[in-house]
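Residue numbers (my numbering), protein chains in the order written: chain A, 13 to 193; chain B, 3 to 349.
No wet-lab data here; the hints were simulated from the structure. A hint or two may mislead.
[What the hints assert, rightly or not] Footprint (simulated), chain B over chain A, 3 or more residues, beta carbon under 8 Å:
1. 93-106
2. 117-127
[As the list claims (entries may be wrong)] Going by beta-carbon spacing under 7 Å, a handful of chain B positions derived as facing chain A:
3. Asn40
4. Glu62
5. Lys63
6. Gly149
7. Glu153
8. Gly161
9. Ser223
10. Met331
11. Thr333
12. Asp337
13. Ala339
Quick reminder that beta carbons are idealized off the backbone N, C-alpha and C, glycines included.
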Amino acid sequence: MRCQDCKEKDSTVSMTHIINNEKVILNLCRECAAKRGFHSPLDSIPFPLANLLTGMLSPAPSSKKTAQAVGLPDLTCSQCQLTFTEFSRLGRFGCGNCYNTFREKLQGLLRKIHGSSLHRGKLPPMLSEDGNAIKEQERLQAELDRAIEAEDFERAADLRDKIKSLVNEDEAQTEKEKENV
Amino acid sequence: MFENMAKKPAGWLSEDGDESSVVLSTRIRLARNINGLNFPTSANKETRAKVVEYFKSAFEKSEFLGQGRFHLTEELDEASNSFLVERHLISPTMLERLDDAGVFIGPNEQVSIMVNEEDHLRIQAITTGLEMDKAMELASQYDNEIGRLMEYDYDSDFGFLTACPTNVGTGLRASVLIHLPGLVLTRDIDMVIQKISKMGLAVRGFYGEGTDVLGNLFQISNQTTLGKSEEDILEDIERVTRVITGDEAAARNRLREEASEQISDKIWRAFGILKYARVLSSEEVMNLLSAVRLGLAMGIIDNLSIKVINEILLLSQPAHLTKYLGQDMTTDERDIARADMVRDKLK
Numbered sequence: 013m014r015c016q017d018c019k020e021k022d023s024t025v026s027m028t029h030i031i032n033n034e035k036v037i038l039n040l041c042r043e044c045a046a047k048r049g050f051h052s053p054l055d056s057i058p059f060p061l062a063n064l065l066t067g068m069l070s071p072a073p074s075s076k077k078t079a080q081a082v083g084l085p086d087l088t089c090s091q092c093q094l095t096f097t098e099f100s101r102l103g104r105f106g107c108g109n110c111y112n113t114f115r116e117k118l119q120g121l122l123r124k125i126h127g128s129s130l131h132r133g134k135l136p137p138m139l140s141e142d143g144n145a146i147k148e149q150e151r152l153q154a155e156l157d158r159a160i161e162a163e164d165f166e167r168a169a170d171l172r173d174k175i176k177s178l179v180n181e182d183e184a185q186t187e188k189e190k191e192n193v
Numbered sequence: 003m004f005e006n007m008a009k010k011p012a013g014w015l016s017e018d019g020d021e022s023s024v025v026l027s028t029r030i031r032l033a034r035n036i037n038g039l040n041f042p043t044s045a046n047k048e049t050r051a052k053v054v055e056y057f058k059s060a061f062e063k064s065e066f067l068g069q070g071r072f073h074l075t076e077e078l079d080e081a082s083n084s085f086l087v088e089r090h091l092i093s094p095t096m097l098e099r100l101d102d103a104g105v106f107i108g109p110n111e112q113v114s115i116m117v118n119e120e121d122h123l124r125i126q127a128i129t130t131g132l133e134m135d136k137a138m139e140l141a142s143q144y145d146n147e148i149g150r151l152m153e154y155d156y157d158s159d160f161g162f163l164t165a166c167p168t169n170v171g172t173g174l175r176a177s178v179l180i181h182l183p184g185l186v187l188t189r190d191i192d193m194v195i196q197k198i199s200k201m202g203l204a205v206r207g208f209y210g211e212g213t214d215v216l217g218n219l220f221q222i223s224n225q226t227t228l229g230k231s232e233e234d235i236l237e238d239i240e241r242v243t244r245v246i247t248g249d250e251a252a253a254r255n256r257l258r259e260e261a262s263e264q265i266s267d268k269i270w271r272a273f274g275i276l277k278y279a280r281v282l283s284s285e286e287v288m289n290l291l292s293a294v295r296l297g298l299a300m301g302i303i304d305n306l307s308i309k310v311i312n313e314i315l316l317l318s319q320p321a322h323l324t325k326y327l328g329q330d331m332t333t334d335e336r337d338i339a340r341a342d343m344v345r346d347k348l349k
């Protein structure tokens with residue numbers, strides 16, 4: 013299809029406008045789209061991660077625009093005021109509370125970056141005292157039950173692996189103690 | 003400041019480590035943030051100052067931390083900050099914003115902690131050779147001590163929370179600096195780099211992405227930080243590094259068998275230039291040192307210590323040379339001073 017503006021080049025961009033509740037679709041070449049103020053979100057990426065994030069987070073540029081036009085509220089972190097849209101652009105969080113605010117949206121993203129969305133490493137010193145490990149196991153089991161109920165099997169698999177690694181650590185610890193006796 | 007430090011290589015460099023004919027150093031970095039405070043990039047001046055205050059108070063309270071020293075980067079002059087970058091005690095990113103930021107330097111310069119870089123705290127430990135467990139043990143000692151004195155940002159699902167989602171979880175980036183002249187000469191290096199990438203690790207040339215590889219030095223590090231334990235991450239890198247050091251040894255053997263005279267000629271020429279040249283750029287020194295390092299490892303050059311090579315490598319950098327000689331210089335003057343220093347060290 014030819015570009016509707018210059019009528020010379022092939023159109024590569026399809027723009028969806030909503031004007032007075034009427035949907036207007038324009039098919040334009042890249043240059044003419046830029047003249048109308050449309051830039052691909054991938055044009056001016058400050059660093060490669062943003063590229064990755066934008067690709068992962070925005071379903072499609074047109075549908076995002078529509079959502080904003082309709083006035084859907086963006087998620088905003090109550091501590092640092094970062095919005096989810098802003099995070100997808102920057103690729104950086106503003107504070108620890110962002111993780112809590114964007115929790116559900118982050119699980120898929122983290123799985124894509126790391127192949128998992130669950131931490132399996134050490135606990136901070138303030139939490140790692142005895143007793144916490146057992147509580148942690150119970151909490152994880154409850155989470156696992158909930159994930160299975162919600163049919164979120166990717167998360168369930170992550171949780172199952174994590175519980176397994178905790179149990180293994182526990183056993184190794186007991187073995188060690190036995191040896192020491 | 004730091005003139006005395008510049009006179010000698012970092013304490014850890016003079017120790018021996020595993021695989022040290024190929025692996026120069028092992029580095030561990032832990033990213034940590036303090037609960038309730040915005041991350042440095044989105045924090046206002048007041049919050050940044052608070053982070054520095056918290057760290058300073060921990061530093062004053064803890065006998066363990068008290069063995070090191072703490073500097074505010076804004077109180078150091080430009081030459082001193084560049085010196086710290088060359089010594090890998092702070093990152094180049096840190097130079098972009100020096101106000102309300104600081105660096106802790108532990109005994110022997112083995113551990114450094116950047117305060118208010120991309121995360122509130124970045125704990126780094128470095129050892130000679132391939133010594134993953136030793137480096138991790140060092141970093142953990144500081145991590146545990148600080149973690150008892152302040153509450154880290156931590157989430158039971160996501161682990162240690164960091165400004166960038168690529169660091170979340172363990173916050174652990176482990177890397178080895180590895181010298182691969184054999185694989186570069188036999189042109190097998192591209193294949194080896196592909197192999198490393200396929201194993202899920204990152205490889206890059208020394209000092210920056212996209213630039214030419216200086217001195218045949220490469221860095222291998224983990225790409226992912228979440229979903230694996232610290233031990234598993236370290237094991238992966240150690241395993242891959244041992245495969246690569248094996249490849250490098252095989253390449254060196256091939257060179258010895260197939261091009262023995264050419265290799266030894268290349269090495270002795272490099273040594274000759276270093277020993278007698280009157281003007282040397284830092285890039286030239288790095289590339290010549292690579293040949294001499296290879297000569298030492300292959301037993302072609304003897305009666306020279308690897309420590310001298312490491313010392314020259316460090317001192318050749320511009321800010322080090324300035325500190326070493328205690329005076330500012332133009333680039334041309336520095337190239338002459340560098341050649342003087344190298345001749346002096348090889349006497």
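Here is how each hint holds up against the structure:
1. 93-106: Holds: 5 residues of the segment 93-106 of chain A have a Cβ under 8 Å from chain B.
2. 117-127: holds (count 6)
3. Asn40: holds (4 Å)
4. Glu62: violated (19 Å)
5. Lys63: Because about 15 Å separates Lys63 (chain B) from the closest Cβ in chain A, which is outside the 7 Å limit, the hint is violated.
6. Gly149: Given a least distance of 4 Å, the restraint on Gly149 (chain B) holds.
7. Glu153: Result: holds, 6 Å to nearest chain A Cβ.
8. Gly161: holds (3 Å)
9. Ser223: Because about 14 Å separates Ser223 (chain B) from the closest Cβ in chain A, which is outside the 7 Å limit, the hint is violated.
10. Met331: Violated. Min distance 34 Å.
11. Thr333: violated (30 Å)
12. Asp337: Interface hint status for Asp337 (chain B): violated (34 Å vs cutoff 7 Å).
13. Ala339: violated (37 Å)
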